[in-house]
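Construct the entire structure; sequences and hints are all you get.
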Amino acid sequence: MRFLTTIRKRGLSQSQLAALLMLPALIVIFLITFYPLAQTFLFSLEDYNVKFAAARKFVGPGNYIKLFFDPDFRAALRQTIFFTVVSVSAEFVLGLLVALVIHRTFPGRGLVRAAVLVPWAIPTVISARMWEWMYNDQFGVINDILVKLHLIPAPVPWLGQPATAMWAIIVTDVWKTTPFMALLLLAGLQIIPEELYEAAKIDGAGTWQRFWRVTLPLLRPAILVALIFRTLDAFRVFDVVFVLTRGASGTRTLVVMNQEVFFSFLEFGYGSAISVLVFVFVALFSFLYMRGLGLRLEAA
Amino acid sequence: MSKHKTFTFLAGLVMLALLASACAPAATPTLAPKKVTLIITGPSSGETGYAVLQKQLERFMKENPNIEVKIQEMPWSSTLQHDMFVTWAAGQLPTPDILRLDIIWPAEFAAAGWVVPLNDYIKKAGLDMADFLEGPLSGCTYQGQVVCLPYFTDAGLLYYRKDLLEKYGFKPPETFADLKEQALAIMKKEGIKNGFVWQGDAYEGGTCNLLEYVWGNGADVLDGKGNVVIDDPKAVEALSVMVDYIKSGVSPAGVTTYKEEDARNVFQRGDAVFMRNWPYAWAAMNAPDSPVKGKVGAKPMVHGPGQKSAATLGGWNLAINKFSQNPDEAFKLIAFLTSAEIQKDTALGAGLSPTRKSLYEDADVLAANPFWKDFFDIMVGAKPRPVHPRYPEISSVLFTEAHKALTGEQDAATAIKNMAKKITDIVKK
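Sequence lines, in order, name chains A and B. Every letter in the first sequence is one number past the one before it in this note's numbering, and letter 224, counting from 1, is 207. So the mapping is simple: this note's numbering equals the position in the second sequence, first residue as 1, plus 160.
Don't take each hint at face value.
As the list claims (entries may be wrong) - A few chain A residues that face chain B, going by a derived Cβ cut-off under 8 Å, partial list only: (1) G93; (2) F225; (3) V226; (4) R229.
What the hints assert, rightly or not - Straight line, CA to CA, 35 Å or less: simulated DSBU-like cross-link-like pairs of lysine-lysine: (5) B:K459 / B:K331; (6) A:K49 / B:K322; (7) A:K131 / B:K577; (8) B:K581 / A:K40; (9) A:K131 / B:K349; (10) B:K327 / A:K49; (11) B:K504 / B:K195; (12) B:K394 / B:K589; (13) B:K349 / A:K49; (14) A:K40 / B:K582; (15) B:K468 / A:K131; (16) B:K588 / A:K40; (17) B:K407 / B:K195; (18) B:K195 / A:K131; (19) A:K131 / B:K453; (20) A:K49 / B:K348; (21) A:K131 / B:K327; (22) A:K131 / B:K581; (23) B:K195 / A:K49; (24) A:K40 / B:K331; (25) A:K40 / B:K385; (26) B:K577 / A:K40; (27) A:K131 / B:K589; (28) B:K588 / A:K49; (29) B:K348 / A:K131.
Claimed, not checked - Which chain A residues face chain B? A few, computed with CB under 7 Å, are given here: (30) D30; (31) V33; (32) T88; (33) I125; (34) P136; (35) P140; (36) G143; (37) Q144; (38) R193; (39) T214; (40) A231.
I should point out that these hints are in silico values taken from the structure, not numbers from a laboratory. Here a beta-carbon is modelled for each residue, glycine too, at the ideal position from N, C-alpha and C.
In structure tokens:
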């Protein structure tokens, strides 16, 4: 503290001092966030393959034009959007149900709340490996149960055919992230004052009406935060796909494609262009959510 | 820190520096060779090869007292190793001095200028290159320059259930059609779940499998001059055979998710008649607790009518990092590790297949692993995957398009057309 008083004595104003104190944090943020972002953007304007570093050259928007005509990129974009829309919707609905259930008081609630969180606590790579075994055509427990119940005539290679692979990945993702959604929504539920429900009850509102008129509107900020978080994550999905299919059978999402372009093909220019587009899409999504839900982030 | 303290601190530093220089020995006698430290990438200490390599290096250090060698442990996955090598090379790191390269990387690393060309070294040292198997050596050669020395090798094999084939009076299959016929017959009579398991997932192993059908049917991906020649009815036929194995039930539909271990798990439980895999599977299948112990035979892969069998070449090779400070000592070490004597030790100690022809006639090697005698023809005939600096992209096209045919998203003819078009674009880049 003596250090601070000394500085103030030397004639620094409050705001100057504040700026000074923020400086280290700003420098760190600049180094770890803005610098790599800018670097990625600059790379995206180059034809740059690490193994042919001598042939590196500036191509302006060349990579973006190439991406526009790249059928692989368009397929990856479609698959990513499909994954995002389906998995986030499912997680939201299930997460809300779970949150409403564990918000009520009942014996053993603490235990149930802890149990619900287990899938979220397991690292994705590990849970994905677990699901990979459950989906296995010869030893998998899912096939075993379904065949024994006579729901399917023969084992199905869930991850090995385009008709089911993406759905299998979505189920795995929903299993893992529903608890996260539930947790965020539960936090939102807990700040809704009990008096509002009592007042609504006195005014004669039924359960359904109380849900639509009280719970949902007041839950909006929490919903917004949860949806933004999950959409951004889902759009950049990598680990669960990489473990389960590595992008085969129509599951090649943008980031899975990008990983191959970067680290297998070593096309840093083209890969950076994909990264920049993923960033733009994600920013766009956040913007649309905030507009669509009629909320500003500060209100949340 | 006050001014006074700063001064004391700096003064202290200067004193220390002076002391250090005063203590440094006067110029050393020039006769003794300079002491150097080499770092070589190797298996992780959990793998059997590690202890064997460590022993060999100790011997090397005893024979070359001026050289110290350390092993840099690497992850098991070849893809992860590739990422690490590339990161180091892009940063021009002088270590590790010696890189253990997968057989599909030399062209890429040579084109990028990340490894030392070895022709002059080989000539000076008078190495007998004729003793190396042709396949691994050609995989190590880029534009006339040898860029690495073959360390150990691998090749695709067809494993079969000796007991079942004998029981139903079949001779081991030669052609694609033989295999289908035998598999279907034995599945039906024996009630066995799968006829033939292999690696049909979309990854490097998928490319290895595909190539064995393409080559085994007389087609190829690139010709000797680097032209794309895969757009060939014989290649379509080859891929159709793979598709037909799945459609006819010879192979399970799930084979489109199988890698090496998935196939081995099924075969080793006794749930399949045939399996395509690498030599490593032999030891596991004949382990004391294996249900198929002693019931398994291995032979070259099946092929098209009137064609010759083909095996995809695998294996690892030793190259010298272009940015290494000690390339001469590094060459000494890789020549030592790939010599017949040390390879024999590696074969006996770690079970890795030698790259020198003479060892396949060596009595000790054959006594330890009798199957190497049978593997020799396969190893000799094994073909390297397309040698090209953009191989990873070519391979990705091959396994992606083939996988789409295997899962029924497109027919074999379309898949081959797409391969030809996309690989032509890659080669033109």
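Now the hints, each set against the structure:
1. G93: 40 Å, violated
2. F225: With a closest approach of 11 Å, the F225 of chain A hint is violated.
3. V226: Violated: closest Cβ of chain B sits about 12 Å from V226 of chain A, beyond 8 Å.
4. R229: 6 Å, holds
5. B:K459 / B:K331: 11 Å, holds
6. A:K49 / B:K322: 54 Å, violated
7. A:K131 / B:K577: 42 Å, violated
8. B:K581 / A:K40: Given that 35 Å is the threshold and the Cα spacing comes to 26 Å, the pair holds.
9. A:K131 / B:K349: 24 Å, holds
10. B:K327 / A:K49: 59 Å, violated
11. B:K504 / B:K195: With a Cα-Cα distance of about 29 Å, the restraint between K504 of chain B and K195 of chain B holds, given a limit of 35 Å.
12. B:K394 / B:K589: The given pair, whose Cα atoms are some 27 Å apart, holds under the 35 Å limit.
13. B:K349 / A:K49: Not satisfied, since the Cα-Cα distance of roughly 56 Å exceeds 35 Å.
14. A:K40 / B:K582: 23 Å, holds
15. B:K468 / A:K131: Measuring from Cα to Cα gives roughly 45 Å; hence the hint is violated.
16. B:K588 / A:K40: 17 Å, holds
17. B:K407 / B:K195: 63 Å, violated
18. B:K195 / A:K131: The given pair, whose Cα atoms are some 69 Å apart, is violated under the 35 Å limit.
19. A:K131 / B:K453: With a Cα-Cα distance of about 31 Å, the restraint between K131 of chain A and K453 of chain B holds, given a limit of 35 Å.
20. A:K49 / B:K348: Distance ~52 Å between K49 of chain A and K348 of chain B Cα, so the pair is violated.
21. A:K131 / B:K327: 32 Å, holds
22. A:K131 / B:K581: 46 Å, violated
23. B:K195 / A:K49: 53 Å, violated
24. A:K40 / B:K331: 60 Å, violated
25. A:K40 / B:K385: 28 Å, holds
26. B:K577 / A:K40: 32 Å, holds
27. A:K131 / B:K589: Distance of about 53 Å is beyond 35 Å: violated.
28. B:K588 / A:K49: 16 Å, holds
29. B:K348 / A:K131: Holds: K348 of chain B and K131 of chain A sit about 22 Å apart, inside 35 Å.
30. D30: Check failed: Cβ of D30 of chain A comes no nearer than 10 Å to chain B, outside 7 Å.
31. V33: 5 Å, holds
32. T88: 46 Å, violated
33. I125: This hint is violated: I125 of chain A lies away from chain B, its Cβ roughly 12 Å from the closest one there, beyond 7 Å.
34. P136: Hint on P136 of chain A: violated, closest Cβ of chain B at ~12 Å, above 7 Å.
35. P140: Constraint on P140 of chain A satisfied, holds at 3 Å.
36. G143: 4 Å, holds
37. Q144: 5 Å, holds
38. R193: The hint is violated - R193 of chain A has no Cβ within 7 Å of chain B, the shortest such distance being about 48 Å.
39. T214: 28 Å, violated
40. A231: Nearest chain B Cβ about 4 Å off; hint holds.
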